[in-house]
Amino acid sequence: MKPLSFKKTKISLSILLVLLLASLFYDFLGPEDYRTMIQQLYDDKGNLLENPPHPPGKEYLLGTDRDGRDNLLLIIDGLKYTIATVIIVSFFRVCIGTLMGVIAETWLPAIKPLFKAFFLPFQYVPLLLIGVLLTDPVSFAYNEIPVIVKVEYQLIVLFLLGFPSVFFYTTDLVKEINSKSFVTSSYLLGGTKLHVVVKQILPHLKPQLALLFVQQVLQTMQVMLGLAMFNLFLGGPDKENIYDTHYTKSISNELAGLTGQNFWFLKYAPWMALSSLAVLLIIFILVIMIKNELVANMSGQIGQIGTKGFKRKKKFEAENEKKITPGKFTQIHNKVLDQ
Amino acid sequence: MKNQLWGILRKALFYLMMTGTFILGLAFFLSFLSLFDFNKKKGEHLGLSFGHFHKQFKQVLNQFGDFTPAGLIDYVINPKVVGGFLHSYTILGISLVSIILLGSLIAFTVILSPFKIRRKLHTFLDYFEGLPDLVFIFAINMMNIILLKEYNYKIFSMYGFGSNQPIVFPVIVISFLPAILFGLFLFKSMEDEESEQYIQLGFSKGLSKSYLYSVHVIRNILPVFTIKFRNIIYMLLSNLVLVEHMYFYENAHTSEIIFQMYRGTHILNLVYSIVLFIIPVIILEFLIKMFVKYTVTRKRGEFQL
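Protein chains in written order, with this note's numbering: chain A, 1 to 339; chain B, 1001 to 1305.
Source of the hints: derived by calculation from the structure; they are not laboratory data. Where hints are given, some of them may not hold.
Here are the simulated lysine-lysine pairs, DSS-like style, with alpha carbons at most 25 Å apart [claimed, not checked]:
| no. | chain 1 | residue 1 | chain 2 | residue 2 |
| --- | --- | --- | --- | --- |
| 1 | A | K175 | B | K1149 |
| 2 | B | K1042 | A | K175 |
| 3 | A | K175 | B | K1293 |
| 4 | A | K267 | B | K1293 |
| 5 | B | K1040 | A | K112 |
| 6 | B | K1209 | A | K239 |
| 7 | B | K1209 | B | K1120 |
| 8 | A | K116 | B | K1011 |
| 9 | B | K1228 | B | K1293 |
| 10 | A | K180 | A | K199 |
| 11 | A | K7 | B | K1120 |
| 12 | A | K116 | B | K1058 |
| 13 | A | K180 | A | K112 |
| 14 | A | K193 | A | K116 |
| 15 | B | K1228 | A | K175 |
| 16 | A | K112 | B | K1289 |
| 17 | A | K175 | A | K116 |
| 18 | A | K206 | A | K7 |
| 19 | A | K239 | A | K58 |
| 20 | A | K193 | A | K206 |
| 21 | A | K116 | B | K1228 |
| 22 | B | K1289 | A | K7 |
| 23 | B | K1058 | B | K1041 |
| 24 | B | K1209 | B | K1116 |
| 25 | A | K58 | A | K112 |
| 26 | A | K239 | B | K1041 |
| 27 | A | K193 | A | K180 |
| 28 | B | K1040 | A | K116 |
| 29 | A | K7 | A | K45 |
| 30 | B | K1289 | A | K116 |
| 31 | A | K112 | B | K1116 |
| 32 | A | K267 | B | K1149 |
| 33 | B | K1055 | A | K239 |
| 34 | B | K1205 | B | K1011 |
| 35 | A | K10 | B | K1120 |
All values derive from a computational prediction rather than experimental measurement.
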C-alpha cells in the first residue's frame, strides 16, 4: 500500500501558521501601531496633507482606510481573530457534535427524531438568516455590552449554526459503521457498546473528523463573511471616531469585518475591501487544498494532478483511460457479465 | 384490527410528539437571546439568565397561540408581501433555470472531454467547492464598476433603491457559483457511475459516449444527485438573502423578513415571513423526490442505485 501524501496539507498549514504568528507577534515586533497613523495625515503645522483613503503605493502597500490607517497593518492585526474564531468554533462543533452523535446513535437512538424535529429550522432556513436573527440584537452599535461578552455570545451562535449538521453527519456515519460485519461480529462475541465505540467506531471515525473539521472551518468563514455584510462584526462595531468620518467599522479588525465594513466604498476605494477579501480568499484556497487532499487520500485515489510523480500520473491516466474508452473494452468485464 | 388501530395511534402520537418538539425548538431559538445575561461590566464574562429565558419562552409560546388561519391568509395576501415574494421568486426561478442549464453544460463538457483535460478541469472545479459566494459577488460588482468608470458603459443596474428592481444582476451573482457547483456535483455523480457494468455494456454495444451519459447515466444518477441538488437550492436561498440585503432591494421578500426581525410587533409575522420564503423550496424538493421515486426508483428498483 502506498503511503498517503500530505504535501499540500503541510504547505497550507505552514503558510497559515506563518500568517497566524505574524499576526500574534504584530503587537510586539511589528511597526508602530496603526492607530497612531492619524498623525501622518497632518504636517508640522497641523494642516491636513491629503484626505484618506490613500490608494496602494510605496508608502502603503495595500493603501489606507477612510481613517488613514494602513490596510496591511489592519489585516495583520485582524488575522489572528479570524483564524482563532474559525478554529475554536470548528473545534467545538466537531468535538461536541461528534461526541453527542456517537452517544445518540449508540445508546439513545430514540432521541434522534426528536433532535431532528428540534433543529428542523436549521435544515430549511438559510443559516445566514438564523445568524442575523440571533446576533443582531447583541452586535448592533447602540448598546453597552462589553466586547468580550459580545464575542463569547457570537462564538456560541457560530457554534450553534453548524452543530446540527455535525451531529447528524456523525449519527449517519456511526450507523453505517455499525452495519459492517466486523461490528456485528464484535457484538456477537459479547462486546459491550462502549467496547465497540472505542475499538471499532472511533478508529473509523478519526479520518472523517479531520475532513469534518476542515469543512466546518470553511463554513464558519462563509457565515462570518455573510454576517459582516449585515454589519454584524466579531466583537461588534467600533464607536470611536478616529478621523472625521463616521461609519460602522469592526472593533476587532477581523478580516470578514474589514471586508464587510468597506463593501459600501467599493466604487470609490476598492482596495479597502478587496485587500482583506484577497487575504481571506488565500485562506479559503489553502483550506480547500487541505480538504481536497484529505478527500483524495480518503477515497484512496492517487492525489490530484501535479502532486505526484510524472510516471505514476501517466500510469494512473492510462489505467483510467482503459476503463472508459469503448474501443479498449476488456475481456474481464465480459466475464463478469457472463457470470 | 386491534393491532392496526394501535399502529395508527402510535404513528399519530409520534407525529404529535414531533410537531410539539418542532414548536418547542422554534420557541427556543426565538428566545435564545434571553438565555444569556448581557448586563455585565467590563472584564466580566457572559452569564446565563434562566428566569428571563423562561419568561421570554412562555411569551413566544403564547404568541404562537395567537395563530389563526385567517391571520396567516391576511399576512400572505398583503400586497407588500406578495410583491416582495414575487420579485424574490422571479429571481430565484430564473436563477434555478440558469443553474440547471449552465451546470449541465459544464458537467457534460468536462465528462465528454479527453481524460487528461477532464482531470485538470476536475481539479480546477474542486477549488470552487468551499469558496464563498461573496468573492464572485465582489468580482462581478467590480467588473460592473470598472466598465462604468473606464468606458462609461453600464451592463446592468445593481442597486434596488426606490422603484428600481433589478433582475439580471441578482440572477447572475447568485447563480454563478451554484451553477459551477451544480456542474461539479453532476460530473462527480456521473464519474462515480462510470464504473457500473451497464456503462461498459453500453460501450461494448457501440453506444456513443454522449448518448450513454445523457440518456442512461443521467436517469440512474438522479436519486443520488437530487440529494446534492438540495444543497444547491438552499445555497441559492442564502445567496438571495445576502444580495437582496447588500444591494438594498426594498421590494424583496428578504427585506420583509429583515423588517420583521428588527421592527416586527408579533413573532408570528416573523415566522410567517420565513415560512413563506422557504415553503416553495420545500414543495419543490418534495416534487423532485416524488418525480425521482416514480420515474427512476420504482421502475428500476433500489438495487441499481
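### Query
Going through the earlier hints one by one, which of them does the structure break, listed in rising order?
1, 2, 4, 5, 6, 19, 22, 23, 25, 28, 29, 31, 33 and 34
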